[in-house]
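*Asks:* One letter stands for each residue in the lines below.
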Amino acid sequence: MGKPLIRIENVVKQYTRDTQVLTVLDGLSLEVEEGDFVALMGPSGSGKTTLLNLVAGIDRPTSGTIHVGDAEVSSMSEGALARWRSQHVGFIFQLYNLVPVLTAFENVELPLLLTRLSKADRRRQVETALGVVGLSDRMDHYPRQLSGGQEQRVAIARAIATDPTLLVADEPTGDLDARSGEEILVLLERLNHEFGKTVVMVTHDPKAAARAHRLVHLDKGVLKEDVRAKEAAGSIGLAAAVEVSAGK
Amino acid sequence: MKLLPLVFKNLFRKKTRSLLTIGSILLPLFVICILGTMLRALDSDPSNGKGMYRLIVRHKVSITNWLPAAYDPKIRQLPGVVEVLRMNWFGGSYVDQSARNQFARFSTSDADRFLKVFDEATVVEGSEKEWVDDRSGLLVGRLLMKKYGWKLGQKVTLKGDIYPVTLELTIRAVFEAPDETGVYFHHEAIEEALPRVKGFVGWYWIKTASLEATERIPAQLDAMFENSSFPTKTETEKEFQNGWVSMLGNVKLLVTSICTIIVFVILLIAANTMAMAARERVTEIAVLRTLGFRKRQILGLVLGESLLLSLFGGVLGVALYALLFPGFREAVANSPMGGFAAGMKLFPEILAVAFAVTVFVGLVAGLAPAVRSAQRSITDGLRQVG
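Just so you know, the protein sequences line up as chains C and H, in that order. One point on numbering: in my numbering, the residue at position 240 of the first sequence is 240, and numbering is uninterrupted. If you count the second sequence from 1, you need to add 1000 to reach my numbering.
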């Protein structure tokens, strides 16, 4: 077992709609090791995205604690949390969410504008990030001039520009065709293997989940299944576990 | 400052909308500058302070009532009086009664004293002596010479209305002064044709030796003629000008009210644009916050955009005003309100007010969308589609 990067202890997340209290996560506990690649699966409304948001520090639990590295993100002030996010988390969205008026270069540079890096250092880092995702020749292109797959690769470059320890991806292949989706998954695997990034990915796609080292299945806010690839290798295998988890 | 390029790019994201909004700020700002200039011109002192040493003595009842010409030596003997000038409004017409041919026509019984009392004026063509020596001589403001293309020595015919007389006058001198929209000729020219007006004048101008004299003389002089058949009212040049302005009614309140309404309309337009811009970018702002942008940075981005939008409109409006001002001033000078142009200039305080209005509109219009954008939770923002 490696050192845990994420420690989630007895987390409850509730939303109040009018007078009704909706429990999305119900006493969830989970640990994710540093350098792991975890797929979060489960039916709609099971709490996957909520869990991802809590881990990424863009939402707060109603109760329970979340540690990422040395930081207890569940108790940080909003300002401290923003600073922490900019240094430690890279976020990849289903719909890429690039700023349409900025070029690929400028989109990737966005999180670096929050650092004290010089313009030359920022340029170096952006070029490196776009090089990693294979888009060095598309730096001056605007999102509208890129394909969906290319847009998502720019979004990944933006996520890794600050060299974060944790990458969180919310259905990163959900809006892509099979080939582009495959490219993105290969890229995420590479970031995990070569660059040692811990990846937590929400997905509905069994093929995407099969790329992960670990499958965590949520249902109605509780952990239903937690399968490791090496554990599964001796029995049904992760891909099969994924299919079972996806209800196939 | 690193975020400024992003603010600029956001500003022109919807070019047509931004340009229309800039236009809708630019034009009202231009109008505010023009109205403000006119308002300020009412209070201005085109004589550059020399008017503080001038008094005007008129009949207590109205300026249309004459005063005896014989008051001259009595006024002259008052301590602090440097010079006295008897003046009269001729009115009448030049060529016809059209607006283009309206300008001030005065007669004076003391041509030789004219430039001593109005010492901000200088003769730039012809000579004072030629005008003083010629009873049918005409002293003309430079602007009128230019407007009508008159030449020195040219005959100008003025047809009277108050005085039923037609005068043929010769241009003997041209003067340069803050107000160059009048003509002056000898009162004798009227008196010769209409002997009944002899011995009367419209009003007196007094040049004083000091501010103390300017302050003291009015009460002293009015007391002197209080029980005569022709009681007087003596005022400073400024009070006299204000009297004319007050005849227009509460112009200042009217103009200020119009300007306030214009500012409010600009504010609504800019606020609407910013509200739309912020609404369209809910998800984008949530993404920025996910990347680590703080609330105050989001506030700064939206407010900065609003401020820049307003400044673009404001600066262009003021630039347009500065560019068109000489032409506007000339148009006023050539209109029946020609005398008003003397007090018009590019007042720095009007430019400052325009700039302040621009900043105010920018900040107030952007405040609500900026606060809303910064306060919205990231997860709510990410849930929005688009």
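Some hints here could point you the wrong way.
[To be verified] Some chain H residues close to chain C (C-beta under 10 Å, calculated; not the full set): (1) L1003; (2) L1006; (3) T1122; (4) S1246; (5) R1279; (6) T1290; (7) L1291; (8) G1292; (9) F1293; (10) K1295; (11) R1296; (12) Q1297; (13) L1299; (14) G1300; (15) T1379; (16) L1382.
Hint data in this document are derived by calculation from the structure and do not stem from the laboratory. We put the beta carbon where it would ideally sit given N, CA and C, even for glycine.
*Asks:* Confirm or reject each hint.
*Replies:* Evaluated hints:
1. L1003: H:L1003 check passes; min Cβ-Cβ to chain C is 6 Å, inside 10 Å.
2. L1006: Because about 7 Å separates H:L1006 from the closest Cβ in chain C, which is inside the 10 Å limit, the hint holds.
3. T1122: 60 Å, violated
4. S1246: 55 Å, violated
5. R1279: Check failed: Cβ of H:R1279 comes no nearer than 16 Å to chain C, outside 10 Å.
6. T1290: Hint on H:T1290: holds, closest Cβ of chain C at ~5 Å, below 10 Å.
7. L1291: Cβ of H:L1291 sits 5 Å from chain C, so the hint holds.
8. G1292: 2 Å, holds
9. F1293: 7 Å, holds
10. K1295: Since chain C brings a Cβ to about 7 Å from H:K1295, closer than 10 Å, the hint holds.
11. R1296: 9 Å, holds
12. Q1297: 8 Å, holds
13. L1299: Status violated, d = 13 Å.
14. G1300: Hint on H:G1300: violated, closest Cβ of chain C at ~12 Å, above 10 Å.
15. T1379: 5 Å, holds
16. L1382: 8 Å, holds
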